[in-house]
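J.: Line by line, the protein sequences give chains A and B.
According to the working numbering, the residues represented by the first sequence are 1 to 551, in order.
According to the working numbering, the residues represented by the second sequence are 1 to 319, in order.
Think of the hints as simulated: they come from the structure by calculation, not from any bench.
Just so you know, not all the hints are guaranteed correct.
[Unchecked claim] Partner residues are not named here, just some residues of chain A that face chain B (Cβ under 7 Å, in silico):
| no. | residue |
| --- | --- |
| 1 | G91 |
| 2 | G95 |
| 3 | R97 |
| 4 | R100 |
| 5 | N116 |
| 6 | P117 |
| 7 | A118 |
| 8 | E127 |
| 9 | F163 |
| 10 | G169 |
| 11 | T515 |
| 12 | F518 |
[Said to hold, decoys possible] To give a feel for the contact side, a few chain B residues facing chain A, derived at Cβ under 7 Å:
| no. | residue |
| --- | --- |
| 13 | N62 |
| 14 | A65 |
| 15 | G224 |
| 16 | R232 |
| 17 | A241 |
| 18 | L315 |
The beta carbon of each residue, even a glycine, is placed where N, CA and C say it ideally should be.
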Amino acid sequence: MAESKAKPGVLLDIRNLRIEATVYPPGEAPKNIVLVHDVSLTLEKGKVLGLIGESGAGKSTIGLSSMGYGRGGVRITGGEVILNGRDILKGGKEGFRKLRGREVCYVAQSAAAAFNPAHRLMDQVVEATLLHGTATRAEAEKRAIALFKKLSLPSPETIGERFPHQVSGGQLQRVMTAMALCSEPDLIVFDEPTTALDVTTQIDVLAAIKDAIRDTHVAALYITHDLAVVAQVSDEIMVLRHGRLVEWGGTRQIIKEPRQEYTNALVSVHEIEHSEQNPGATPFLSVKNVTAAYGGGQVKVLKNVSVDIYPGQTLAVVGESGSGKSTLARAITGLLPPEQGTVTFDGRPLANRLADRPKEDLRQLQMIYQMADVAMNPRQTVGTIIGRPLEFYFGMRGRERDKRVAELLDEIEMGKGFIDRYPAELSGGQKQRVCIARSLAAKPKLIICDEVTSALDPLVANGILKLLLNLQEHEKVAYLFITHDLATVKSIADSIAVMYRGEVVRYGSKSKVLTPPFDAYTDLLLSSVPEMEIGWLEKAIKGRRMASAGN
Amino acid sequence: MSSPILKLIAQRIALGILLLLAISVLIFAGTQILPGDVAQAILGQSATPESLANLREQLGLNDPAYVRYFHWLGGVLTGDLGTAMSSGQDIATSIKGRLWNTLFLAFWAAIVAVPLAIILGLIAVRYRNGWVDKLISGLALASTSFPEFFIGYLLVYFFAVKWQIFPAISTVYDGMPFGERMQAIALPATALTLVVLAHMMRMTRAAILNVMQSAYVETAELKGLSAFAVIRKHAFPNAIAPIINVVMLNLAYLIVGVVVVEVIFVYPGMGQYLVDHVTKRDVPVVQAVGLIFAAVYISLNIIADIAAIVANPRLRHPK
């Protein structure tokens, strides 16, 4: 009977899928919420469907439903999931076990966490194949090595003997893809497989995944919040929001002629108007030849770094993880006293150690962090959090303080109603806004923004960037903006410092830094940023090969 | 095996030896603080000032404390634990047999208790929050909550008195056939097992549940592994370090904490020996037994540390 439902060539047919979960809000009775509202999709054999949307859109939940899996108490309460002509929801636990790892495999966002630290990679890669008895161990290992080669992993013959901690993040992500392909499934669910990687690594992994999909004719659900990434690998794209379907169409149609306003917003997310300001006569903060190290001088993380920050302007510091961006911020704030070099502020040197700086110096330099929710005391209200610097730096009390808090909330485009809320009651974007208000409360000359938009959904991040630019105009505050995201840099920076292995490799005004000729590393970095254009990936990889050959 | 791991292990062993020396000082000092001395204890009622002085001279009690400490320590290191005051026997000789008996009992109790506790812990995780989990936890906690002597007497009442399967008194002697010996220790070993079971079971359960939140457990589930295979193959190896720690603590308890059980079953082990000589205020014996117990505790904990180091793939296979 189930067979009669199947259309020819269709691998996965999800009909009216409804997924619910029980939430336990503190102090209230547990209640049911619907995560996915009657979503339907079909996927043909060998095709790739991109699922895109912000967090909470139900992308991963829908993806995992093709394996009959619900994370943390999530339940599939309605609809059908027809895979290879049968409704898998009727197969029970035993049925799920037989299809997981055989018909459908999963590639997680963080391969570093998804591999078991106690076992060698090869044992984990062939585990599903052996479990389902589709090959002998020797065959499976041979297949795995061939896949390692295909995914251009270094020393494919022996990499399987290593433990997960002995392999880098980008390589692990590729090993995980090999693990999914090893049991020759019909469908792979890629759940943000490149989101946790640096841009320069992301492009390699993306290309490897794309080649592997093409050559093995496996179908895939590719889940991501980055439209530019998904445009490179999918045949079709489905846009989701709050567990509902927004738009579903061919990749070209979605990125070139989006029919829904929300899709349009996602497509044009990186376009922020900001004209570069010319550096003023004198910088108010200068970092001169700073060298800093961890472990008592053992590990040098900053080597002879010099940058200037001008009043009311933005210096963006870009680079991969481990390039020393955040360490530069720590050196400026005095959290990590430099071994050599000086930081001057308003023409006088700042004390190296945080403890030696007067209150006034502390007030002038404020920080905003990547993780807004851990940067706030969960047991204090928004009013207390923002009011604290007012009390500490200006001695404001009572009504005067509350008035200023209300003004600040206004400035970050949040109403008075938030003053008595706790951080847990705010969304990710709102939390980051509160952190911005807290830093503004001190009326600083410089705010150091350390990856402040990296943990946010693109649209929310966009709102935060616009807010920061508006505030800069009104308050004349300068930003030191640390990020790995070059699109962000292009939108808001006045000058840019490119960092690589603790050194500034390129520094100057935005237009100068972004104009060729480039040094090799800046070129690599710039050419790795995904563009919303079909065929960009191939072009970028090709262009890069030429560049690296020219080196 | 590589050098960082060997260094860590060497450090642990060195620390253990240092700790043992510190404890030997404490034990020695503790017995010095007590009123009266060995000469007085030996002579008892018949002591005259002259005989006391003579005996003190003879035993070297007039030397300063540190000289006596090193004298004692030197003896211990060469296997001479001194002479028991109450019986005049050589302590090392009488302890040898008893230590062997205690280890024999502890060994068989551990052989049953450790695997049983770990398997029960695994099963509890498999059916977590269900009735199987609650039953296992409930029974294990109940058996631990009962005082040892109560469990001991219950066992004696049912198995020795009512059904007469095992003897109530666990007498063992040299040259006893293995089968008879096992029958003799059946009840005390069961009592010990019941006492230590819950602690290890609960720790196994907690340690594995902690790991069950990890992304790699989800990966394993999504490969289609059965729930039990996920726990055994993917969760357990990563929970091994805390489990080993609590197992070793309980093994130490099996050796040094058996006093009550040994007394109930009149088993000729270290515990009973210690109790006998505490009542007789036989200081050299108490010192010797205390030192041996400390050594057992420390070495088992060193083994736990080393096992945890060796079980960590990051230390075993550095980058």
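J.: The structure should be examined with respect to each hint, and the outcome stated for every one.
T.: Hint check results:
Hint on G91 of chain A is violated. Least Cβ distance to chain B is approximately 12 Å, over the 7 Å limit. Using the Cβ-Cβ criterion of 7 Å, the hint placing G95 of chain A at the interface with chain B is not satisfied: the shortest such distance is roughly 10 Å. This hint holds: R97 of chain A has a C-beta 5 Å from the nearest C-beta of chain B, less than the 7 Å allowed. The closest approach between the C-beta of R100 of chain A and any C-beta of chain B is roughly 4 Å, which is under the 7 Å cut-off, so the hint is satisfied.
Here the hint on N116 of chain A is kept, as its CB sits about 4 Å from the closest CB of chain B, short of 7 Å. Look at P117 of chain A: its Cβ gets to within about 6 Å of chain B, closer than 7 Å, so that hint holds up. Restraint check, A118 of chain A versus chain B: the minimum CB separation of about 4 Å is within 7 Å; hint holds. Interface hint at E127 of chain A: satisfied, since its Cβ lies 6 Å from the closest Cβ of chain B, which is below the 7 Å cut-off.
Below 7 Å, beta-carbon pairs count as interface contacts, and F163 of chain A has one with chain B at about 5 Å; its hint therefore holds. Evaluation of the G169 of chain A hint against chain B yields a violated restraint, the C-beta minimum of about 13 Å exceeding 7 Å. Given the 7 Å rule on beta carbons, the hint for T515 of chain A is violated: about 40 Å separates it from the nearest Cβ of chain B. With a cut of 7 Å, the hint placing F518 of chain A at the interface with chain B is violated, because the nearest CB-to-CB distance is about 32 Å.
A cut of 7 Å between beta carbons decides the hint on N62 of chain B: the least distance to chain A is about 53 Å, and the hint is violated. A hinted interface residue such as A65 of chain B counts as satisfied when its beta carbon comes closer than 7 Å to some beta carbon of chain A; here the least separation is about 43 Å, so the hint is violated. A distance limit of 7 Å between C-beta atoms decides the matter here; for G224 of chain B the minimum to chain A is near 4 Å, and the interface restraint holds. The closest approach between the C-beta of R232 of chain B and any C-beta of chain A is roughly 12 Å, which is over the 7 Å cut-off, so the hint fails.
A distance limit of 7 Å between C-beta atoms decides the matter here; for A241 of chain B the minimum to chain A is near 11 Å, and the interface restraint is violated. For the restraint placing L315 of chain B at the interface with chain A, the shortest Cβ-Cβ distance is roughly 10 Å, beyond the 7 Å limit, so the hint is violated.
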